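Those sequence lines, one after another, are chains A and B. Residue numbers for the first sequence follow our numbering, so the first one is 82 and each next one is one higher. Residue numbers for the second sequence follow our numbering, so the first one is 317 and each next one is one higher.
These are computed hints drawn from the structure, not numbers from a lab. Here the structure is a predicted model, which is why all the values come from computation and not from measurement. Any given hint could be a false lead.
Result set (EDC-like, lysine to aspartate or glutamate): computed pairs, CA atoms no more than 20 Å apart in a straight line [claimed, not checked]:
(1) A:K276 <-> B:D350
(2) A:K370 <-> A:D622
(3) A:K276 <-> B:D530
(4) B:K431 <-> B:E524
(5) B:K353 <-> B:E363
(6) A:K276 <-> A:E619
(7) A:K370 <-> A:D612
(8) A:K276 <-> B:E346
(9) B:K459 <-> B:D350
Here are some, though not all, of the chain B residues that point toward chain A, as calculated from beta-carbon distances under 10 Å [to be verified]:
(10) S352
(11) A361
(12) Y404
(13) A406
All residues carry an ideal CB built from backbone N, CA and C; glycine is no exception.
Next come the chains, spelled out residue by residue.
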Amino acid sequence: MEPVLTSGARIGERPRPKKNYLNETKGFKSWALTVDHKRIGIMYLVGTLSAFLLGGIFALLVRLTLLTPQHKLFGLQVTAETYNRFFTLHGAIMVFLFIIPSIPGSLTNFVLPLMLGAKDVAFPRLNLASLYLWIVGAIMAIASMIIGAVDTGWTFYTPYSTTTSGTVTLMTAAVFVLGFSSIFTGLNFVATVHKLRAPGMGWFDMPLFVWGMYSTAVIQVLATPVLGITLVLLMLERVFQIGIFDSRIGGDPVLFQHFFWFYSHPAVYIMILPGMAIISELIPTFSRKTIFGYRAIAYSSVSLALLSFIVWGHHMFVAGQSQLAVVIFSALTFLVAIPSGVKVFNWLTTMYQGNISLETPMLYAISFLMLFAIGGLTGIFLGTLSTDVHLTDTYFVVAHFHYVMMGSTVTAFIGGLHYWWPKMTGRMPSEKWGRIAAVLWFIGFNATFLPQFILGSRGMPRRYYNYLDQFQPLHAFSTVGSWIIGLSLFMTAAYLLASLRKPMDAPDNPWGGTTMEWQTSSPPITHNFEDQPVLEHEPYDYRPKAVTH
Amino acid sequence: MSTTTTDVQSHGGHGEPDNPHHQHHFATMEQQFDTSKLGMWLFLATEILLFGGLFVGFGLMQSRYPREFIEAHEHLKQDVFGRPFPLYGAINTIVLLVSSWTMVMGVNAAQTDQKKKTVRYLVLTILLACVFLGIKYVEYSHKFHDGLLPGMFYAHQSEDLIKGTHGYATFFAFYFMMTGLHGIHVLVGIGLLSWLVVRARRGEFSSEYYTPVDLVGLYWHIVDMIWIYLFPLYYLIS
Chain A
82 MEPVLTSGAR IGERPRPKKN YLNETKGFKS WALTVDHKRI GIMYLVGTLS
132 AFLLGGIFAL LVRLTLLTPQ HKLFGLQVTA ETYNRFFTLH GAIMVFLFII
182 PSIPGSLTNF VLPLMLGAKD VAFPRLNLAS LYLWIVGAIM AIASMIIGAV
232 DTGWTFYTPY STTTSGTVTL MTAAVFVLGF SSIFTGLNFV ATVHKLRAPG
282 MGWFDMPLFV WGMYSTAVIQ VLATPVLGIT LVLLMLERVF QIGIFDSRIG
332 GDPVLFQHFF WFYSHPAVYI MILPGMAIIS ELIPTFSRKT IFGYRAIAYS
382 SVSLALLSFI VWGHHMFVAG QSQLAVVIFS ALTFLVAIPS GVKVFNWLTT
432 MYQGNISLET PMLYAISFLM LFAIGGLTGI FLGTLSTDVH LTDTYFVVAH
482 FHYVMMGSTV TAFIGGLHYW WPKMTGRMPS EKWGRIAAVL WFIGFNATFL
532 PQFILGSRGM PRRYYNYLDQ FQPLHAFSTV GSWIIGLSLF MTAAYLLASL
582 RKPMDAPDNP WGGTTMEWQT SSPPITHNFE DQPVLEHEPY DYRPKAVTH
Chain B
317 MSTTTTDVQS HGGHGEPDNP HHQHHFATME QQFDTSKLGM WLFLATEILL
367 FGGLFVGFGL MQSRYPREFI EAHEHLKQDV FGRPFPLYGA INTIVLLVSS
417 WTMVMGVNAA QTDQKKKTVR YLVLTILLAC VFLGIKYVEY SHKFHDGLLP
467 GMFYAHQSED LIKGTHGYAT FFAFYFMMTG LHGIHVLVGI GLLSWLVVRA
517 RRGEFSSEYY TPVDLVGLYW HIVDMIWIYL FPLYYLIS
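One chain only, chain B, in its complex shape (with noise of 0.2 Å):
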């Protein structure tokens, strides 16, 4: 985001000089600060709005073939001690409630002044991302090998879910399009995350100036949430 990159050039020389990231057309640090969260809120808005229409779609898509999605939400769970158990899925839940814990303490850590630890806490999110996304890689190549793939690449080849029915094809459709878009943002996270470890060992942040790490919390913190729903969507319908 614009805001929250420095802007030490076009100094007005107002308010607080002594601050390198103060811009110059906000009065005070805290009117800059104020102003750069609700943006950032304004943002997640439209993102929650963005995958509203998908779950929209989904729902609307599931009221017609009802049937069809419930037998294709199968595929999505894994044979655990011989019961269906959607295990990617929930190990994947709980590895983001975690990460979204870890960027808690990481904005907490720069609020307080504690470089070191924020780093380790950033750090410990990218990780936690990564674990995320290295799940849905394995997740998604069975799916790939099953040939239940969206719309006109579905291809999959035994006595349930048969090619040609309505239904089947969208279910995954639905299923790569918001859990892609969703993994879309974990990358992003993690660039944006990076970009904070970067910073964050320069020793930028402090009690003073956090504001970059509070906004990428609030990002990271919807990230997380979107998969709250996401999850439950897709792995537990019945």
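So here's chain A without its partners, still in its complex pose (with noise of 0.2 Å):
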């Protein structure tokens, strides 16, 4: 495609530099050892991606099971314990070595560093043993799969998780090994923001996506430790029966769903913080206008990540709690529209009057606008006491956090991934490819979810083998939905592994981006910057420059 080019794009452009940060060493051990925050994003990116295609072929063979009450796969029977597998091992995966690691450890590891004009991240080799321990936890996840099976769903809920025959304890120590690789990403993460801000640049000059990424951060430091602990005493309860889960032993069962929660929660929005970080760099990019209310969104995801630790209890209206508790809880989430309204107000009125343009990384910039939308609004039915009686645990909930995780997370890493993928690897991907893989995502991702709401309200009981042959007409278009999903993702996959083997061509700065990651070279040298940037205007500055013109 033409590289966009707006009134700064040129201004700094240099001819490639021989050596960057992919061919100055070569070898197993250059990569292996490395301590190059861009390096390290890579093999993140790689990592998460697998993760990505192993949890979305159980999707797809979970709603494969579902297209018909008769539960055929390919002419197999699946029985009911085999299907209670698939949606563990889709959750599971998709959850704990997917959408928590995926932002933070690729997009951001790579760019975060070069946004804030800094050489690496604060703690390099704590970066790489982030990921080593990624790599330990993913190979434990995936080896309790093999061993056996796990069958708790992705929530371990007890007393089910401490008396389920399965590998739960092996799945648990994976989920506890990842736990502390995502601490030491946000831990970094931290101290990187608070002290290699390049020279100049203040809190409210930094870019947003690094103020959703700081806030992403904070919730993996204070958040995962208690994930940690808790998976912790649920290894326990199962091997030594410590009697604090389990109430045949004196334990309390909705004990472990508060604790889990309580992690659980705020993870919510360690998936969702990244996602609206991303949009917020694409929304003022292709609208070639500074961004509106940048103190308000900077501040709304700091209130995000204060807010996701008090409302765990939304969780839990129907598990037996106070109903004081309850009317709290409930009051308390319905806070959190305000923040995300605010994101969402903004991103618009950005667009309004902008001079908007329909690249690959805009479709899924608006795509997410409209998808994350239709999830944030149906939270609300479900953070209402009165609906949610009726809701908890249907398809309606399935609905509502895939349109969040999925719609909104996920939309705008592919997003993101489109955005920077000529930064991390100096080639321009198929623009008209992309559209059209853009568009089928769109299509593919409300044909399989939508009708799932419409399921939910119905009485369609979440994780259900069985069905009533009432609810089939709807369950087969979700099905099909789940292969135009397929179907995107295939073709965005081969394209950008297509790009890779063109020579490079892409321009430092494709998109005509302010921030200062496009101030280096596509892709960018070894230490990140030819000399330390300094800043000189505010992030998304597109007023005309009455000196360059």
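Mind assembling these two chains? They're in different frames, but the hints should get you there.
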């Protein structure tokens, strides 16, 4: 495609340096022992996308099993136990191996130091350790699938998880290790943002992506240890019967839910905030307009991070909390709508009267806005006590969180991947195929999950293997939608990989971005910048410059 | 911690090239020190949250089985002059408090270029940590002998704390989990302190560069502080 050029794009354009971070050193060891945040980011990208593929295959199998009430899969009968394993592996892989580590580990690792004008993250070796912990955790998780099976769902709810014979202990140990990987990544980013900003860059000069990732990192550091100790308690309960979660030996199963959601609700924001962070970059860049309400977006990221810690009880409205507690949790949950609304309002206002161009990343950003609006609004149904009692554990919940986790975060991730792909690889992906895949993604996603809202409101319970015949048309519709998603992702993988075979053709700043990562070459040199960049203008400064015209 | 090791090979030649501990992505040694310290504080926050989950779990179980927990905690006491007194716990509290003091002296000595003194105080801290673990070993052996073990291994044979009653096994499960996790932290601390002793003897620390001593000091204080909370929780409840 023709690179988009705006006023600032050609400024500072220079011949591509011969040595960059990809070719400066060669060989297995130069990657395995690297401390370069860019290489670690690439390795995280390969790892998390592989997990995405594996989790996606399980998702397709779940949908295919539900195509007909006969549960045939390529002519074979799927048992209820097998079905339980399918959705557990889909959920656990997607949450712990893909969504939580993907944007922080891959894209953020790559661009955050560049955006701050830094040479690396604060603790490069800790960054590598985090990657290795992820790999160990992934191997353990996959081993637990091969050795035995986990059929608890990704939430590991007691008392089932303390009594089932599956390899729950190994799986939870894997998640424990993955948790520490996440903590180290978050810790690194917090320290990097605090201490490694370019000279002259104050807190309110940072790109909004950095604000979003900073908020994410704070949650990673503060919430994940609680998950870690909860999983240790679960493992000990299984192995030594310590009597904390299992009511037969004097424990309290609901206590597990409290512990689990004290982490896992903030974890929802570990998943969505990075998506919001990416959108805050895409919208101004492709609207050619200074972002509207910079401070409001920055503060809303932080307030979402804080609110995330005090709403966990809304996962347990029917689990036996006191009436007072559920009312308070419901009211607090509604507060989440405020910063979320602030963000959407500011993104839309940024687009208003902007010079919008519809390149692939922007198509994903616009999809995000629509899908997040649906995901967010249906969240209010679930935060409302009277409707939640009806909707708890139905497909409505499944559709809601897929709109947020997949429709929002994964959409933003793919958009961000296209946005920074030229910077990471030095190559422009095919714009034509990109747009086709983006449209297919949007269609396929809605085809899959809109019917699930209807299914859920009519009483189809989640995680059930059997369903009434009357639900069959909607289940079939949803399954066909999942094939369109699969097709879209397959296309995306194909043309992104195909672009790697081309010679490097990406300019330093293909999209006319204003943040610092576009000031270095594509791909960047090992030390990121030839000279220490100094902040010259606020982020997203798209005002016409009198000097350059 | 990754920040504390030297990185001589990949020197970028920025800032103060004369200091071999200066990592290339920091502009100044001061920035590097501040960043490392911030990283350590964040890590300590995760430690507190990790133990926090156990403290909350203990509190909830205690409110579920208040009588059983009080009866069980009597078994952590020893007979001192005919009266029950948490002798081992009290001694260990004093041992750790003193070790915190020796640690502070060690950091101070490193900051003021006193190599011999640094080594001496660090070694003293290690010795005190070993005393702590030694006493813990004696304490654990008594519990093992009495069958006061966590969960399914609980096998106490006497008229009180009968096996099969909910609460007792849970108390000892938490006792072993929390003091055990703390003990592991003490062990890690001994490892870190030994590594500091080796480096201090090589004369690597000075008023210019004492980050590792400072950071391990912070770690050691948090380990000490957690014990300060564990002691009343387990040994002094009534």
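Results for each hint:
Restraint check: the Cα-Cα separation between K276 (chain A) and D350 (chain B) comes to about 8 Å, which is no more than 20 Å; the hinted pair holds. Distance check on the hinted pair: K370 (chain A) and D622 (chain A) sit about 7 Å apart at the alpha-carbon level, within 20 Å; holds. Taken as a hint, the K276 (chain A) and D530 (chain B) pair is honoured in the structure, with Cα atoms around 18 Å apart against an allowance of 20 Å. Pair hint K431 (chain B) plus E524 (chain B) holds up; C-alpha atoms about 13 Å apart against a cutoff of 20 Å.
Restraint check for K353 (chain B) and E363 (chain B): the C-alpha separation of about 15 Å stays at or below 20 Å, so the hint holds. Annotation: proposed proximity of K276 (chain A) to E619 (chain A) holds, straight-line Cα distance about 19 Å (limit 20 Å). A C-alpha spacing of about 28 Å is found between K370 (chain A) and D612 (chain A), which places the hinted pair above 20 Å, so the restraint is violated. A hinted pair counts as satisfied when its Cα atoms are at most 20 Å apart, and K276 (chain A) with E346 (chain B) qualifies at roughly 11 Å.
About 45 Å separates the Cα atoms of K459 (chain B) and D350 (chain B), which puts this hinted pair outside 20 Å; it is violated. Look at S352 (chain B): its Cβ gets to within about 8 Å of chain A, closer than 10 Å, so that hint holds up. For A361 (chain B), the suggested interface contact is upheld, since its CB lies about 6 Å from the closest CB of chain A, less than 10 Å. Annotation: interface hint on Y404 (chain B) violated; nearest CB of chain A at approximately 23 Å, more than 10 Å.
Restraint check, A406 (chain B) versus chain A: the minimum CB separation of about 27 Å is more than 10 Å; hint violated.
Violated hints for the displayed structure, listed by number in ascending order: 7, 9, 12 and 13.
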